[in-house]
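Novice: Here is what each chain is made of, one letter per residue.
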Amino acid sequence: EAGVTQSPTHLIKTRGQQATLRCSPISGHTSVYWYQQALGLGLQFLLWYDEGEERNRGNFPPRFSGRQFPNYSSELNVNALELEDSALYLCASSLAGQGNIQYFGAGTRLSVL
Amino acid sequence: DAKTTQPTSMDCAEGRAANLPCNHSTISGNEYVYWYRQIHSQGPQYIIHGLKNNETNEMASLIITEDRKSSTLILPHATLRDTAVYYCIVRFGNEKLTFGTGTRLTIIP
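So the protein lines, in turn, are chains A and B. So for the first sequence, my numbering puts the first residue at 1; every next one is plus one. So for the second sequence, my numbering puts the first residue at 1001; every next one is plus one.
It is worth saying that the hints were derived from the structure and are not from the lab. Here a beta-carbon is modelled for each residue, glycine too, at the ideal position from N, C-alpha and C. Among the clues, some could well be false.
Computed from the model, here is a short list of chain A residues facing chain B with C-beta under 10 angstroms [said to hold, decoys possible]:
#1 Q17
#2 T20
#3 L43
#4 G52
#5 F60
Have a look at the derived ranges for each label pair, beta carbon to beta carbon [as the list claims (entries may be wrong)]:
#6 A/A96 x B/K1003: 25 to 31 angstroms
#7 A/T14 x B/P1109: 29 to 35 angstroms
#8 A/A96 x B/A1013: 40 to 46 angstroms
#9 A/L41 x B/T1106: 17 to 23 angstroms
#10 A/E53 x B/E1066: 39 to 45 angstroms
#11 B/S1028 x A/T14: 14 to 20 angstroms
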């Protein structure tokens, strides 16, 4: 069974540009979560999607947004990139109602120059 | 979510049991204890969870004290691949996970 897959693995952008990160959950999982992990820092919760709806978001500015598609895959968009957005972005998925057991992808490393 | 306290770092010899403690003295009756680990530059990995009974799976054992104010994750025969940051999370809801700073476990050859 395939795990959570994220693309691209690495992404290099310049300040002010937009970045789009993609995530495919484990088959059967309807919830998708996004986290940011800046270098040397802990994981910070970004967004939670379930059944196509945004259920919760962390303390991040509105230029961080996303969506979940009918096939439960998800996209994270970061507009007006800033240098401090450089981080590992992790996607996780879970079965409905079992959000405490999340399965993570390998992440997308975003570098903003 | 109840606050958790873990040692910043620990070492363990390869082949020995690694015992990682976690204090959660403010845990409430319906909160579970979850353990995750993050190997360098990878996404976190779920290990095990429990409510009040001891639990064991193919990866580890979880021992929860009778008063539920602390727990210990046990890796029975640590290997070099177990070197990682281990996170103890206490919660009831099923939304976002809140990761603290965890314990950096280093397995020594």
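Novice: Could you run down the list of hints and mark each one as holding or not?
Specialist: Taking the hints in turn, this is what the structure says about them:
1. Q17: Where the cut-off is 10 angstroms and the nearest Cβ of chain B is about 24 angstroms from A/Q17, the hint is violated.
2. T20: violated (19 angstroms)
3. L43: The hint holds - A/L43 has a Cβ within 10 angstroms of chain B, the shortest such distance being about 4 angstroms.
4. G52: Because about 17 angstroms separates A/G52 from the closest Cβ in chain B, which is outside the 10 angstroms limit, the hint is violated.
5. F60: violated (12 angstroms)
6. A/A96 x B/K1003: 25 to 31 angstroms: About 28 angstroms separates the Cβ atoms of A/A96 and B/K1003, which means 25 to 31 angstroms holds.
7. A/T14 x B/P1109: 29 to 35 angstroms: About 43 angstroms separates the Cβ atoms of A/T14 and B/P1109, which means 29 to 35 angstroms is violated.
8. A/A96 x B/A1013: 40 to 46 angstroms: holds (42 angstroms)
9. A/L41 x B/T1106: 17 to 23 angstroms: Given range 17 to 23 angstroms: holds, Cβ gap about 20 angstroms.
10. A/E53 x B/E1066: 39 to 45 angstroms: holds (41 angstroms)
11. B/S1028 x A/T14: 14 to 20 angstroms: Violated - the Cβ-Cβ distance for B/S1028 and A/T14, about 47 angstroms, lies outside 14 to 20 angstroms.
Against the hints set out earlier in the document, violations occur for numbers 1, 2, 4, 5, 7 and 11.
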